Amino acid sequence: MSTRSTLAKVKNDIYQPYLARIVKVLPQIQDHLLFQLKFEDPRMASNFTHRPGQFVELSVIGSGEAPVSISSSPTRPGIVELCVRKTGRVTNALFRLPLNALVGVRGPYGNGFPIDKLEDNNLLIIAGGLGMAPLRSLLWYALDNRTKFKDIILMLGAKTPGEILFKYELLKLIDRPDMKCLLTVDKDEEGIWKAHFGVVTKLFDYVELDPATTYAALCGPPIMYKFVLKELLKRNFSKDRILMSLERKMKCGVGKCGHCSIGYKYTCIDGPIFTYWDAINLPEMVE
Amino acid sequence: MLFYQNLRRDLVKTMQILKLDKKNLNEFIFSLNDFGEVHAPVKKGDKQFVFSKLTDFSKIKLEYTRTILPPKKYFHPPTDTLFKFSQEEGYQSLTEELRKKYVIFGLHPCDIYAIKILDLIFAGEFVDDRYFIRRKNVAIIGLDCIPDDKCFCRSMRADFVEDGFDLFLSDIGNSYLVRVGTGRGDDMVRKTQDLFKEVNKKDITEYKRRSDEKKNLFKVDIELSDLPEIMDLEYESKVWEEIGKECLSCGSCSMVCPTCYCYDVFDEINLDANHGVRKRQWDSCLFKDYALVAGGHNFRAERSLRVKNRFFHKQRGFVAQYGRPSCVGCGRCIEACPAKIDIIEVINRIRGAKL
Amino acid sequence: MVKPKIGIFGLTGCAGEQIMILNCEDQLIDILGAIDIRYFPTAMTKNDEECELDIAFVEGAVVQPKDEELLKKIRQRSKLLIAIGTCAVWGGLPAMRNDVPREEFLEKVYGTKGKSFKSIPAQPLKNFVKVDLSISGCPIEKEQFLKAVASLLHGDLPLLPSYAVCTECKMNEYVCMLVGENKLCLGPITIAGCGARCPGYNIPCHGCRGPVDEANVASEVKILKEKGFTLRDIENRLRSFAAQAEILQEQFKKE
Amino acid sequence: MHNSVVIDHLCRVEGHGGITVNIKDGRVEQVNVDIFEGSRFFEPLIIGRHYDEIPPILSRICAICSAVHTITSLMAIEDAFGVKITPQTTLLRDLLIQGGNIESHALHLFCLAVPDYLGYTGAISLAADQPELVKMGLDLKKLGNTIQEAIGGRAVHPVNAVIGGFGRLPDKEMLFDLKEQLKKGLQQASATIDLMATLKIPNFPESPTVYAALESIDVKFNFFGDRIILSTGDSIDISKYKEVCNEKVVLHSHAKHSQFKNKPFMVGSLARIMLNGHRLTGEAKKAMKKLGLNSSSQNVLYNNLAQAVELVYAIERSLEIIEQLLKHGIKDERPTEVKVKAGKGTAACEAPRGMLFHSYAFDNKGNLTNADVITPTAQNLANMEKDLRVSVERLINESKESLSDKLEMVARAYDPCISCSVHLVELNSK
Ligand SMILES: Cc1cc2nc3c(=O)[nH]c(=O)nc-3n(C[C@H](O)[C@H](O)[C@H](O)COP(=O)(O)OP(=O)(O)OC[C@H]3O[C@@H](n4cnc5c(N)ncnc54)[C@H](O)[C@@H]3O)c2cc1C
Ligand code: SF4
Ligand code: SF4
Ligand code: SF4
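Residue numbers (the working numbering), protein chains in the order written: chain A, 132 to 418; chain B, 13 to 367; chain C, 55 to 309; chain D, 2 to 431.
One chain only, chain A, in its complex shape (with noise of 0.2 Å):
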């Protein structure tokens, strides 16, 4: 929890956003792109930190407000980078920008990924389409600290080679004897895929889950929870163990404009990661 609020606090208003700038713009897939953000003021710069599974709310000057996950590990620090899809007035504003153009981030907010829990088992993180901005925080956070877990296994599903963010880098996982990364797309019209074809749940067959040491981490589309927590159940995990990334409409960030209550949750301090223990519990939140 420490790491939340300290800096908000600094100036005492907590929705003071704090100036960075785009040092570099990464393509991703159509209509996603990673920005590599630096703050402004230098302390600001060394200081921030986070958790894996913790968002920021990113500010187009003039445009508004939104929050967005932090893709960057904490063991990488100094520049933030964000990977977003353009959809709304905010975020078709942040496209418009050039290079080197300032916008405001504060946080880091949310609960993230509790990683002391997390310590000391396999990991299983699956993701679906955007679900793997907030995961790869995670992903790389566990690789950098890689004698800290046990197995570790990534699931991702795709409907086409062309649409897996950050492709190139987790091609390039395959190949990594440490960990398991099993990559599948539905179709793909080129003929050039050589990894996994099919819904990400038939990745289950390639491996062996110990549901009693392992730590499932969601995190994509509606649809995609459907069925992969079915599949989780089926093999025994706890709901305790499975956990999952929600998201609802925010303004705050910090539990304050009403807009992610759930019930007597707010998605952005209690969650957005919650277990699934917690989530059915929650009217609404699992559809």
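The set of hints was computed from the structure by calculation and includes no laboratory data.
All values reported here derive from a predicted model rather than from experimental measurement.
Where is the CB? At the ideal position from N, CA and C, for every residue including glycine.
Treat the hints loosely; a few may be bogus.
[To be verified] In silico PhoX-like pairs for lysine-lysine, Cα to Cα no more than 25 Å straight-line:
1) D:Lys328 - B:Lys71
2) B:Lys96 - B:Lys55
3) B:Lys257 - C:Lys276
4) D:Lys345 - C:Lys162
5) D:Lys345 - B:Lys56
6) B:Lys162 - C:Lys162
7) A:Lys217 - B:Lys291
8) D:Lys342 - C:Lys237
[What the hints assert, rightly or not] Stretch-level coverage of chain C by chain B, calculated; a stretch enters the list once three of its residues show a Cβ under 8 Å from a Cβ in chain B:
9) 105-111
10) 135-141
11) 194-203
12) 224-233
13) 256-268
[What the hints assert, rightly or not] Estimated spans, in silico, between C-beta atoms of each pair:
14) A:Leu157 - C:Ala272: 29 to 39 Å
15) B:Ala135 - C:Leu214: 25 to 35 Å
16) B:Gly57 - C:Ala272: 27 to 37 Å
17) B:Ala332 - C:Arg286: 43 to 53 Å
18) A:Asn276 - C:Leu214: 25 to 35 Å
19) C:Ile174 - A:Tyr299: 53 to 63 Å
20) C:Gly87 - D:Met175: 26 to 36 Å
Since the structure of chain A is already known, use the hints to place chains B, C and D with the ligands on it.
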């Protein structure tokens, strides 16, 4: 040990109760101007009331029932400009007007209670300083009241308050009992010390009599203890759909509720396409786009879900979070709803009570 | 920065929107500095009839083939087409009685000579072309227009309220005309943006900005009936400004 | 020499109109002012409506004269039901109308007419060269709007003026504030007179003209009246307004034309100054003299001068009204109750562009059975055609471009409010 006993005695003394003759009230209120701009309930239209800057003593309506907007407007205004911004300078906090001092005279217990609830929300892990700076600069003078047919503060355990005010006035006939709640309240009293008298036995008797009498004036009684469970059990109740048909999503109930705090945040840019301001503005969970996210998915697309959410959050979710409902039973939402959706009736329906 | 090319057009209406634009007296000079007005016949001569436009603001309803022609031409030459005013967004007052054949009106008004005039039922722009943004109001609110222009200059589509007039009415702490005064107020189903102007003057909302997205017209009608208004009065008021709105048409069909 | 001149779209007038001139063998054959603004059929639309819905709907006939449309409509309804209004309401209505006049005249002078005389295509290009001048015009225009907002609740389509009174009354602070602004406005209006005095006004459209206006109800110059007076010497009660505005449908236009005793006539600022100008007092009186307006002016372009005089008048009148209101204090009056009965009512006001008539009939439930609205622009169209014809005859040898520019100037001098003229008139439904 003795030291603590003495201190305790001092404390009791400072939490004093005094008496103010009604004929001295105006003079007392006038003196409050030294503590901030005095606001009090005045009439608006033929039947309604609002807290507004006091310009004329004859305008104060001490017998008001409830104001259109609750006092939250002083701490969490309908629209609040948070920052000014530009590409070059980023976001700069705007704090000047937070420092203005007010004295609000005449808050009823439910409204004071509601402010205490807002305090919980704006505090917590992330403290909303904008709220609390304003909060510190507003002195609160409570006033007891006579419930009408829409008041159910007693059911919501907000009919009496022990704290949350600087001073609290209770009508005992020709005078008021004045409870001093804070050091600032003490300053206020000491400033016009001559206006105040000691409380005598008779006053106490009269206070107790009136207080008992008030308890019997409530026409509504809701059982709270098992409400959360019942609400969970009735989560799928048809009642929600029925209310969903009536609800206009006009937002009136949320605006007037003393404990509804949701807000939207947006940037407003100037014609130079660079400078501008970031504002927040009251929002309502009853609005269609309240839970609508980019890409078009709406977590509460149906009106019935949104109505349900409002009642759940007030009477169920808040209990889980803070141990009591966030509704204080002020009756404002009942009065404001054009469709006559009545929170008391809804609860009774959920309970299956005959109506 | 290249100034965006703007056209301000009027189809059939009272010119209220164009007048409101000219009413931005304090900002007019700034606006002129930021945009390149190519077409605005109400305010200038020598208008460019052909050039490509970045933004076309179009006022008024389509009530004759000439309007339709002009509108389609505007669409062709403009990147963004913005409907301004209730006539352009909803059809407005002229669309109040589209159920009556135009010939009947023409004859009533011009007698037998009426036949030589062409008239079609009054309709909003969206019935003919794609509309990128709608700013309603009869007339539009100056503030809203200015904010819209500023947003557009910044590259964003403006944010417009999607909630009802009641919300603004309450935020301004006005006395409720419907609940308190039993007046025929359309605030609960009318889109906000005017700051609840009318209730602020103790006048019930006539619905001049058109309905909110999800207007619960049935409930509104029920409330008004309970207050003693006749269906005729209620329907007349609903018809005044946005009779063509689907959500209202549904209601008219019910009765 | 050319055969025809067509001005497709009259610019800097409000609404859509054009001018077609046919010339054959050096002779002017036909001059038409075409109004191609679409018909909105206001009167038939409102048949059957409850009386209290009429003013807000008919206000929408025209944005720029919406205040005076609203007031005239209210007055016609009050006439039908015999509703009496208080002196305070009368004053406030007058003030609202003056706000409309200030706004309308300032807009027309600075954004539309003055650029003509100074050789600009409009206020936009004028602003580039003479920003102070345009700024002054905008300030005056804004003053008019501030009054309309304060009293009417909105600059266009006022909401606050209702049958029997006002929804909300202005408070003292508001009036004090207006007073200060009006004082500044009066100086700017005087400066406007100085400017107008320097303009060279050509006389090509000059020709014998019949003027018509309401006879001021007061000994002083005024925008209200019960009788129509004409420069022919005729005087007619407003209830017989049809004898004056004898409207006929013409094929080239969606607006009807008015003629009195088979002659076109002119209404508006110039007509008012010609017929009632001797009642002016104060600065306005001086302004009239300074601009050389006298009862024999027959040049429609002088209408712009008359507007400038009225700009001064409107500000002076507003100040006078505010003084009176402040003197007596604002009384907390509620609108007079209406007792509905079957009947007819007619009212007239001087709108910025001239006489405006609203006439209604109601059944005993207060539902409208008949409506007739005659706007000043409609009354002026025939006269405008006459002036255009005269101008073409005199300018026939000029280049096509210069001719059409000058014809536009004539049309604009009338300050036509085209959308106003094309709502329709006269309807007898049984
Ligand atoms: C915890 C969390 C992490 C996220 N991480 C990422 C990420 O890494 N990359 C990414 O591209 N997107 C992410 N999103 C989604 C992202 O927030 C929305 O796509 C974004 O808010 C859209 O903003 P907009 O202004 O472009 O769209 P608009 O539709 O114009 O939205 C307007 C406003 O509504 C709110 N809003 C709209 N959609 C959402 C949403 N889905 N979630 C929360 N608030 C919303 C925001 O305040 C936004 O500014 C995340 C959302 C959450 C809740
Ligand atoms: S929910 Fe209704 S009764 Fe309860 S506090 Fe809010 S407004 Fe008052
Ligand atoms: S007056 Fe009309 S707009 Fe205002 S709250 Fe009441 S119903 Fe809504
Ligand atoms: S209150 Fe209603 S009628 Fe009045 S301006 Fe607003 S939307 Fe129009």
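Q. Can you list which hints this structure breaks, lowest number first?
A. 2, 5, 6, 9, 10, 14 and 18
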